[in-house]
Amino acid sequence: MDVPYTTKPRSDTGLYNAKLGIWLFLASEVMLFGALFSSYILLRVNALEGTWPHGLLNIPIGTFNTAVLISSSITVVMAWASLKLGKFNHFKIYQGLTILCALAFMVIKSVEYKDKFTHYEVWFNDHEKKSIRGHIEVPGEEGNPWFMTHKKLAERKIETIKIHPDPKVTVASGKEAHGGAEAHDGHGDHPPVQEIKVADIKRLSAFVPAHSTYFAIYFTLTALHALHVMGGALVMAYLWGPGSKMWKTDPERFTNRIEVSGLFWHFVDLVWIFLFPVLYLL
Amino acid sequence: MMFRVRGINPMSLKAFHVVFVSSAVLLTLGVGAWSLNRYFQEGGDLNLALGAGSLVTAVGLGVYGRYFLKKLKHISYL
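One line per chain: the protein sequences are A and B, in this order.
Position 83 of the first sequence, counted from 1, bears residue number 117 in our numbering, the numbering being contiguous throughout.
Position 57 of the second sequence, counted from 1, bears residue number 110 in our numbering, the numbering being contiguous throughout.
Okay, chain A solo, but in the shape it has when bound:
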């Protein structure tokens, strides 16, 4: 017995099985991301004044990644439209481009994550001194160490570290800004390297979830989104490669599969359209 409504829509709902299934799944995804967005808003609104970090993310990289994802949504819909018009070769090109965009997004995100894992903030025992952000040099470690903490420094009995502070940027209003997007621009004044006694350090943390509530929610949201990108890319790669054999036997059902994967991909991209301004700009 054949399963009904795999290609033709039901007359009562107007949807074929897979489309109903993906929309039910997307509804659950809306609840998942909605809960996390709500958490973000509540954490931010209730944060003590002046404690919510600003400008710690690289806006040009984030903008570029946004452009990559928007482009991938265009290519994924073109892949589906190509099948609707019976142009399988065009589908292959557009679907391939979509997968490349997904990979590019992940590579760029990895570069961004790596920068966070090797970027530090140091707080001092002397409350009068402001914390410093920058990249550190630790004796016995080559280059810029990953995930270093003040506890690890104490365990290794390290006495001093060096920090390369982020550039100070004087903006038109006369205020000084540290780090962040302006620092990534590379136009700020580079303060000299400072040597710091470990005994003077109250806390040292990379820009990891343990750094602050901001980074905790940032990594939760972006890592969950990245998992969705990976999942979507895997499914699209299967449909581009071995799964595309179905085009010869059941083209209508294959086209529906591409539509369903395209709906998921659009949802993933739409989540990013909300994430980008909330995390990077506001």
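In short, the hints are calculated from the structure, not lab data.
The model shown is predicted, which means the values in this text are computed figures rather than measured ones.
None of the hints are false.
In the DSS-like style, the derived pairs of lysine-lysine whose C-alpha atoms are separated by at most 27 Å in a straight line are:
1) A/Lys121 / B/Lys126
2) B/Lys126 / A/Lys118
3) B/Lys123 / A/Lys118
4) A/Lys42 / B/Lys123
5) A/Lys126 / A/Lys279
6) A/Lys118 / B/Lys124
7) A/Lys126 / B/Lys124
8) B/Lys126 / A/Lys42
9) A/Lys148 / A/Lys164
Selected chain B positions facing chain A (Cβ under 10 Å, derived; list incomplete):
10) Leu79
11) Leu80
12) Gly83
13) Trp87
14) His127
A partial selection of chain A residues facing chain B, derived with a Cβ cut-off under 7 Å:
15) Gly48
16) Ser107
17) Ala115
18) Glu293
19) Gly296
20) His300
21) Leu315
Heads up, the beta-carbon is just placed ideally off N, CA and C, and yes, glycines get one too.
With the hints as your guide, set chain B onto chain A.
Chain B alone, transformed into the frame defined by chain A:
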């Protein structure tokens, strides 16, 4: 009950793409305004480039949206 809004199935990829492109236009307009506001307050070539680039992208996406609807007018919203 059929899912239809003015004869269009809002659950099709075509309809979702229109929603997505509209959201992307709003995003790029917002980023453009945000960046240009920063440029006028703080200066910086990067803010100017980002602002101008975002506004141009918003226009480009709008043009693309019209092209998309025109090109796929024979493909149903099912």
